[in-house]
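Read off the chains here:
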Amino acid sequence: MPAEIAGRTAVVGVGVSRFGTFADESPLRLATEAFKAALADAGLAKDAVDGLALNIGWPLGVDYDRFAEALGLDVRFAYQAWTHGRFVGPTLQHAAMAVHAGLARCIACVCGVSFTQQRGLLGGPGDYEGTREEGGTHEENPVYGMTAPAAGAALSCQRYFALYGATSAQLAAVPIAFRKHALLNPQAIMREPLTLEAHQRSRYIIEPLHLYDCCVISDGAAVVLVTTAERARDGARPPVLIAGMQGMRAGREEFLFAPPGLGIHQQRTSRHRPTPDDLPVYRMAGVSQRDVDALYTYDAFSPLVLFVLERFGFCGPGEAAAWIQGGRIELGGELPMNTSGGLLSEAHVSGWNSLVELVRQLRGECGPRQIPDARVAQWATCWGDSIIFRR
Amino acid sequence: MSAYQKPLPRITPDNRPFWEGARRHELRLPRCRDCKRFWWPPGPVCPDCLAEHYEWTRVSGRGTISSWVVFHQLYFPSFAVDIPYAVVQVELEEGPRLISNLVGVKNQEIRIGMPVEVVFEDVTAEVTIPRFRPAG
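If you read the sequences in order, they're chains A and B. My numbering numbers the first residue of the first sequence as 1 and each following residue consecutively. My numbering numbers the first residue of the second sequence as 1001 and each following residue consecutively.
FYI, nobody ran anything at the bench for these hints, they're computed from the structure. Do not take every clue at face value.
Quick list of in silico lysine to aspartate or glutamate cross-link-like pairs, DMTMM-like style, CA-CA up to 25 Å [to be verified]:
#1 B:1106 with B:1082
#2 B:1036 with A:254
#3 B:1006 with A:134
#4 B:1106 with A:207
#5 B:1106 with B:1093
#6 B:1006 with A:129
Whenever a hint applies, use it, and build me the whole structure from the sequences.
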């Protein structure tokens, strides 16, 4: 029996700010741009918004309290997740659960970030979080010079390459695919074609990750408006229904930037294949992997794309590097991913830009990069959370 | 002798015995007295059986490299002279894995499965840092 919340909530509006490097713009200003764009998209006045779900807050982004007072909102449900991109899915899930439970009528999921003004947080002496007891969440350990989220992705990638014989040249298919998508997106920051040669020639950031395996560092904002499916029927745009979801995983078998079983941090080493209990999102949405017209993921580093494909059973353990070859994750391929260019090429709005793209694809608004007749789109991450949307 | 410039460990109630052991050139990890398992990172109970009876037990200091990375980008000014430097994940014989550095190995010689053993570097009067070198 499907969960009672399945198909009962919807996205009714999306909006983004400009994406780029804006030394004179605060996250609050960028978030305001995106919020007004989302209201216009939904045909709603600001008084219709009585809830806020925030991710990413201070010091990278704007917090819920400042946003509510700055925009003159009267908020009845406020939620803010830890300042990490892993909480994109959980934040949207909280919004859906809250409107379904009647705690608010319409919740704005808000992300406004200025990464370029806070580069010091992304590694080195300014990353205070990396000094957490026995390591940061990407295995940071400053004593040994281990720092920056890229380090965690590199640690997993190296072991993955060694275990499965995968190569950096295979991995390059990820940033090359997303760059092709960005070339069809006027909003994207990275607008030069990317070749395999350029990828392989680019400098290492943290080996085995090359420069083009790492996301853009940018400023920008995105807003997603969530309400009940019933209210969404009266909206200005066709509602995009939240058909299924599953939460983020945690525990000793988990390392944020690795699929289960890879053997990073304290994970057991095994060839993990997901069971139906690992993937309740499909059961709740009443679809399978084969029904997914497009997949969106948090692509801060290109190995994360391999890991999410394996975690969600699109291919077997160790198979993703080969599976993505031949344009499979490109527009026109079997499973287009991150069709706006993602964090690797559009902008780093912490994944929220990819959710905006997902909604626009299901509404058929994506012009030259539109997936024909897209009906089912999935958000999923290599740390296990997912949301399936349908029009 | 110039003062040690690199980051020092942030010693907390949970990890203090580890660093006190390192000062005596002993690698110590928490081990459950009930189920005999070692675990890492430290915490107040055994994550398997939630027993509070555990003891910081000396381990062999031997293990293998289970992954590694090489930093080309400079993040810590104090590591500038070491660029490009490797950081390794060592899987100890007792099971838990530690993040560390290697001494006495060129970056291009590092391999998964390479046997290593702990060495201790006294970096200040109060702090000793465990690192690893190729074993036998």
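Please list, smallest to largest, the hint numbers that this structure does not respect. Violated: none.
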